[in-house]
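Residue strings, one per chain:
Protein chains: 2
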Amino acid sequence: MGDYVNVALDAMGGDNAPKEIIKGAIEAINENNKVKVYLTGKGDVIKTELEGYTYPEEQLVIINAEEIIENAEPPVMAIRKKKDSSLVKALNLVKDGTCDAYVSAGSTGATLVGGQVIVGRIKGVERPPLAPVIPTENGCALLVDCGANVDARPSHLVQFAKMGSIYMENVMNVKSPKVAIVNIGAEEDKGNALVKETFPLLKNCPDINFIGSIEARDIPSGMADVIVCEAFVGNVILKMYEGVGATLIKKVKAGMMTTLRSKIGALLVKPALKQTLKAFDLEQYGGAPMLGLNGLVVKTHGSSTSIEIKNSILQCITFKEQRINEKIREKITVQD
Amino acid sequence: MGDYVNVALDAMGGDNAPKEIIKGAIEAINENNKVKVYLTGKGDVIKTELEGYTYPEEQLVIINAEEIIENAEPPVMAIRKKKDSSLVKALNLVKDGTCDAYVSAGSTGATLVGGQVIVGRIKGVERPPLAPVIPTENGCALLVDCGANVDARPSHLVQFAKMGSIYMENVMNVKSPKVAIVNIGAEEDKGNALVKETFPLLKNCPDINFIGSIEARDIPSGMADVIVCEAFVGNVILKMYEGVGATLIKKVKAGMMTTLRSKIGALLVKPALKQTLKAFDLEQYGGAPMLGLNGLVVKTHGSSTSIEIKNSILQCITFKEQRINEKIREKITVQD
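Chains A and B, in that order, are what the protein sequence lines are.
With the first letter of the first sequence counted as 1, position 183 gets the number 217 in this note's numbering; the numbers rise by one all the way through.
With the first letter of the second sequence counted as 1, position 302 gets the number 336 in this note's numbering; the numbers rise by one all the way through.
Keep in mind the hints are simulated off the structure, nothing from the lab.
Every value quoted in this text rests on a predicted model; they were computed, and no experiment measured them.
Among the hints, a few may not be true.
Pairs count within a copy or across copies, as identical chains cannot be separated in the list.
Derived DMTMM-like pairs (lysine to aspartate or glutamate); straight-line CA-CA distance at most 25 Å [as the list claims (entries may be wrong)]:
no.: 1; residue 1: LYS237; residue 2: GLU92
no.: 2; residue 1: LYS230; residue 2: GLU107
no.: 3; residue 1: LYS308; residue 2: GLU276
no.: 4; residue 1: LYS237; residue 2: GLU107
no.: 5; residue 1: LYS224; residue 2: ASP130
With these hints in hand, go ahead and build the complete structure from the sequences.
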């Protein structure tokens with residue numbers, strides 16, 4: 035079987051590494067025989083962790099790496115100095131063609147820098163954005179960019195829109211995805227300098243289904259499928275999802291506990307509620323792909339458990355099978 | 035009684051004008067004998083609407099204005115041309131000293147432009163921000179700026195922090211309010227160009243209790259009392275509050291209706307839940323003040339009902355009694 039989708043997985047990255055990372059790898063290869071996982075990290079630690087699991091051994095490779103890049107380390111320096119780190123070694127597996135994709139719950143900064151510096155951009159792509167899938171009322175949307183590049187230019191946002199459309203159409207199966215730019219009003223003349231300059235470029239872009247501006251309040255309701263914004267704004271949107279969600283759920287729980295009557299009610303609604311709210315959980319979709327690289331780089335939450343790691347590994351299969359990077363190469367031309 | 039707090043109220047502005055606006059005015063003067071409301075708008079419409087209400091007549095004045103500024107109108111042009119509009123006439127009452135404050139649920143753009151052009155800035159204030167009070171887990175916070183000025187400069191943000199601190203300390207009674215700047219990470223070297231330039235200025239500002247960066251996820255939990263950001267980001271934060279809140283509440287309701295068991299539970303938890311969620315309602319705090327003007331300008335939601343109008347009128351009393359503008363004049367010096 036030379037036809038595996040080969041995924042490099044940083045076994046040492048994330049709050050729950052290596053335990054949950056390795057568990058996620060095992061779950062992925064037990065569930066799917068098309069994927070092969072390259073675990074990078076301290077060999078003895080990984081081997082100890084693997085004891086007790088049963089899995090198809092031909093789908094798992096251990097690549098020893100003695101160093102670990104911590105979250106607090108300055109990314110550029112860390113990438114340069116720690117050549118024997120689990121993160122750098124995993125990214126090098128993508129660079130040299132051994133692997134198709136890289137998955138990590140480790141340092142976001144080092145993953146983003148490493149993605150650009152080690153894996154490298156597709157020719158013509160100016161800035162590879164980080165594009166998490168976020169839940170909406172009736173499905174999901176892609177938020178692009180969300181942390182890879184601050185102080186973006188209009189041409190970057192146009193590329194984000196193109197790459198995001200390709201992803202939503204081919205990976206998430208949304209036909210002719212609706213693209214919108216985050217703005218502070220619906221009218222074309224509203225917005226800051228970046229949005230005003232970008233709006234006409236998106237409007238005249240033949241490759242996307244541009245529906246205009248979107249106010250942040252309409253993002254959770256699912257008005258658009260590809261939400262284009264610069265990284266600072268994207269990061270604020272993503273974090274507000276988490277923050278407002280967590281606080282509201284806490285309020286709902288506290289509200290249910292205020293009276294005896296409500297406590298009894300809470301016992302009755304709990305199972306149904308849990309089910310519904312699961313569909314609005316940010317982690318269900320796996321990690322966020324970094325688009326426009328010569329290979330796939332997926333950043334999962336620092337707090338990822340095995341489920342998110344498994345889902346992130348499995349989404350690499352779709353990414354490869356749907357030939358996302360080939361499609362990006364077709365649409366992004368060097369003069370963009 | 036020459037000692038009234040005089041409030042100019044645009045009777046024709048907002049989705050529910052004039053009915054709810056006038057109802058709010060009546061409720062305010064019936065509740066508090068320190069406030070006098072100047073209703074601007076079509077005299078005959080206002081008079082018809084007032085029929086059936088009983089109220090202290092010495093606390094209500096009708097100022098006739100034949101024109102209305104619509105939401106869709108370009109603000110600068112509308113302010114200039116419609117001299118006989120309810121909005122312009124109300125703002126002129128503040129300008130000429132008849133009124134201390136102005137309240138409107140009408141066009142945000144026209145209110146913001148009119149505030150600057152007609153009422154005018156306090157000497158030294160570079161940009162008067164719109165600063166809504168937002169609910170948090172254990173109280174509230176001030177979000178400043180939230181829509182008045184896009185593409186702000188570092189010096190503007192420092193003034194926002196100072197004015198916001200004065201407001202939270204004196205109007206909301208928060209002792210030594212914690213000021214934070216919205217950022218995409220907690221470290222000082224994170225962020226876009228604006229944040230990086232502003233951070234050291236805030237750190238060295240003696241008039242505020244600066245606690246550093248805040249990630250958007252920590253805003254709803256109440257980590258800071260004054261949230262400083264430029265208007266585009268502030269607008270996104272405010273709208274995400276509304277959007278995520280609305281979608282989640284809808285999900286919770288839907289979840290409760292999925293099984294017979296959960297439906298019965300829903301009946302039991304409903305009253306307690308309603309009470310708890312009320313404390314997380316954006317509208318409970320009245321409108322958003324525009325800080326740094328020669329007078330108080332308060333913008334309420336376009337969809338305001340009488341309760342928000344009433345609360346907005348009453349908050350003008352505290353604003354005047356606490357001498358907020360005098361305190362801003364002391365802290366904002368022209369060289370700022």
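- Query: Which earlier hints turn out false for this structure, listed by number in ascending order?
  - Reply: 1 and 5
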